[in-house]
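Protein chains: 2
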Amino acid sequence: MNVTAIQNQQYRLAARPFGMPKPSDWQVTVEALRDITDGEIVVQTLYLSLDPAMRGWMNEGKSYIRPVAIGEVMRAGGIGRVIASKSPKFAVGDSVCGGIGVQSYWVGAADDKTSGFYKVDSTLAPLPKYLNALGMPGMTGYFGLLEVGQPKAGETVVVSGASGAVGQTVGQVAKHKGCRVVGIAGGREKCDFVVNELGFDACIDYKNDALKDGLKQHCPNGVDVYFDNVGGEILDTVLTQINLKARIIICGAISQYNNTSTVKGPANYLALLVNRARMEGIVVFDYADRYQVGMKEMAKWMKEGSFKTREDIVFGLEKFPETLLMLFEGKNFGKLVLQVAQE
Amino acid sequence: MNVTAIQNQQYRLAARPFGMPKPSDWQVTVEALRDITDGEIVVQTLYLSLDPAMRGWMNEGKSYIRPVAIGEVMRAGGIGRVIASKSPKFAVGDSVCGGIGVQSYWVGAADDKTSGFYKVDSTLAPLPKYLNALGMPGMTGYFGLLEVGQPKAGETVVVSGASGAVGQTVGQVAKHKGCRVVGIAGGREKCDFVVNELGFDACIDYKNDALKDGLKQHCPNGVDVYFDNVGGEILDTVLTQINLKARIIICGAISQYNNTSTVKGPANYLALLVNRARMEGIVVFDYADRYQVGMKEMAKWMKEGSFKTREDIVFGLEKFPETLLMLFEGKNFGKLVLQVAQE
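In the order they appear, the protein sequences are chains Z and R.
Under this note's numbering, think of the first position of the first sequence as 1, with each following residue one higher.
Under this note's numbering, think of the first position of the second sequence as 1, with each following residue one higher.
None of these hints come from the bench; they were simulated from the model.
Any given hint might turn out to be false.
No farther apart than 25 angstroms at their CA atoms in a straight line, the calculated lysine to aspartate or glutamate pairs in the DMTMM-like style are these [said to hold, decoys possible]: (1) R:K89 - R:E60; (2) Z:K264 - R:D289; (3) R:K22 - R:E318; (4) Z:K264 - R:E318; (5) R:K152 - Z:E147; (6) Z:K264 - R:D121.
Not close to chain R: a few residues of chain Z, all C-beta gaps over 12 angstroms, as computed [stated by the list, open to error]: (7) V30; (8) K89; (9) E322.
Glycine included, each C-beta is placed from N, C-alpha and C at the ideal position.
The shape of chain Z in the complex, shown without the other chains:
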């Protein structure tokens, strides 16, 4: 296959956003693919995972991963199909998951460490599931809850961003471990989904109901584990309801990522002192050597019908800038996925 006839469209970081990313923070480039040499592959992008963490990668400064450079193709995990291969590792037609970037094609060494491509089986699960519970968000929720949260049967687990990719996993894993699970989500529709479809015990609509009252009502024995995806006022309010020796997992702070001034720190953090409680961060990569354990258990539950996930799929690479913003406006309903090409 002569790939040099194929045009690759790419979203590059043009400027570091101040607050919410603007269209002018992106530069769209189109370039012909280059020929591949021994050991290399070409992957056509099918699905891109849009995640809150991407906002952090656009900032300068030290984090758990290096920032995307100005002019560089925006980092994104995704699923693609191998359309050309000079590597024994992947055959043409294979579906692969890895760091594709926001572009229609990826070209490089099959064993490229940064992209870390691995094969996924589209006959076992629909491909977008590999960006959800069977991918990074799922691993984040699974290991964050179990390893950092250490939930015990009978305890009360609260999770914010409950209908999002990580939240869906956290709540359902906690249910499987015998916990009472209370979600926090924005809007009645999302709340109904996590209760009726995912089996949470309750869900508080923070946009329309008083969160503190909701927590008191639905967590009559207090909060033992809180999995925080949002930060801000919600974190502060949950802190008022924690139990002795509570565990708070800091996974993200989507409410704070586009702040133009400083982040709002948790004013009620002294609840940690009063309750001898713990607040601890989680980064999914630390559990890479055990992803298979988590995937296996969740895949089993999926097969049994006791673990469901929902994706919110938007079509079109050109929709990338506006679709990313949906995350920060709470407009996505389920794991947000950008579909770039038909399977």
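Using the hints, position chain R against chain Z.
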């Protein structure tokens, strides 16, 4: 002994302070002691421990201990001498440590659970030491550092309020465990003391030097354990320098106790996420069944001359209101003790 001829002066909480406690927040009462009955004792107050935590007890609302009620004698730990006894537990002349309250005498059952009096030996150590390293501040520093902080030899431990009662203990215990120890204190004199007298590796004068620069200079390998007694800007700055898997012990937040608006939460708390670090509260009472272990080890070091403590002793019960404020103004130099009577 006819104790009914003795007048007992008491400081009662007259009003819940708004911000820094004012003289009018106290009511001074004088009443004759009552006769004691079987099982009771009279304790004459010698020394009272003045601690930052007292400010919290003056507020309404749920905490790790019930608030002092309006009209109630202010809660305080202290050391006194038994001057009358109808209990086999204590003899006249015994020195005892317990919850005396801000008053010149305490009357009640020898086995009163709230006061929890126990004998201390003035021949083994000067009595004020039992309010310092051999008392609650010492136990707080010892168990907070070792149990929550889990320091390993070679790691860097930073402690704020370094010349205070808890800070002195934390730093010296950490040195004994083979750590690099960097203090944070207000003023050159306090910094010189913790380095030259207590053997800290360095101390940063936050009032006169740039804390962040100081941390970078004195913690070239980053911060593994941070023992926080102060909160506010200092906590936020230390968070910028923590290492992967760092442990932050939340012991207090003296900078925030007199805030009239909300507490300033740690805006840099997402450093916990980036570094998979942990922030955890400590309340000393949780370790009550092991106080003897800590006291024994520190007493041994004291005897060997490798563990020193300093008290700042102010004389006169009538000085209580103004002396308490010294804590919040950083004016005390060493463990703050109010001496109420000559030994």
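Distance restraint between Z:K264 and R:D289, which requires alpha-carbon spacing of 25 angstroms or less: violated (39 angstroms)
Satisfaction of hint between R:E318 and Z:K264, Cα-Cα up to 25 angstroms: The given pair, whose Cα atoms are some 42 angstroms apart, is violated under the 25 angstroms limit.
For Z:E322, which was marked as not at the interface, is the minimum beta-carbon distance to chain R over 12 angstroms? At roughly 26 angstroms from the nearest Cβ of chain R, Z:E322 sits farther out than 12 angstroms, so the non-interface label holds.
Does the alpha-carbon distance linking R:K152 and Z:E147 stay inside the 25 angstroms limit? Holds. R:K152 to Z:E147 sits at ~22 angstroms (cutoff 25 angstroms).
Is the hinted pair Z:K264 and R:D121 satisfied, with a Cα-Cα distance of at most 25 angstroms? violated (49 angstroms)
Keeping to a limit of 25 angstroms between CA atoms, is the pair of R:K89 and R:E60 held or broken? Violated. R:K89 to R:E60 sits at ~35 angstroms, over the 25 angstroms cutoff.
Interface exclusion of Z:K89 relative to chain R, criterion Cβ beyond 12 angstroms: Holds: least Cβ distance 31 angstroms, greater than 12 angstroms.
Measure nothing beyond the straight line between the CA atoms of R:K22 and R:E318; if it is 25 angstroms or shorter, mark the hint as holding. holds (14 angstroms)
Minimum Cβ distance from Z:V30 to chain R greater than 12 angstroms, as the annotation requires: holds (35 angstroms)
Going down the numbered hints, you'll see the structure goes against 1, 2, 4 and 6, while the others check out.
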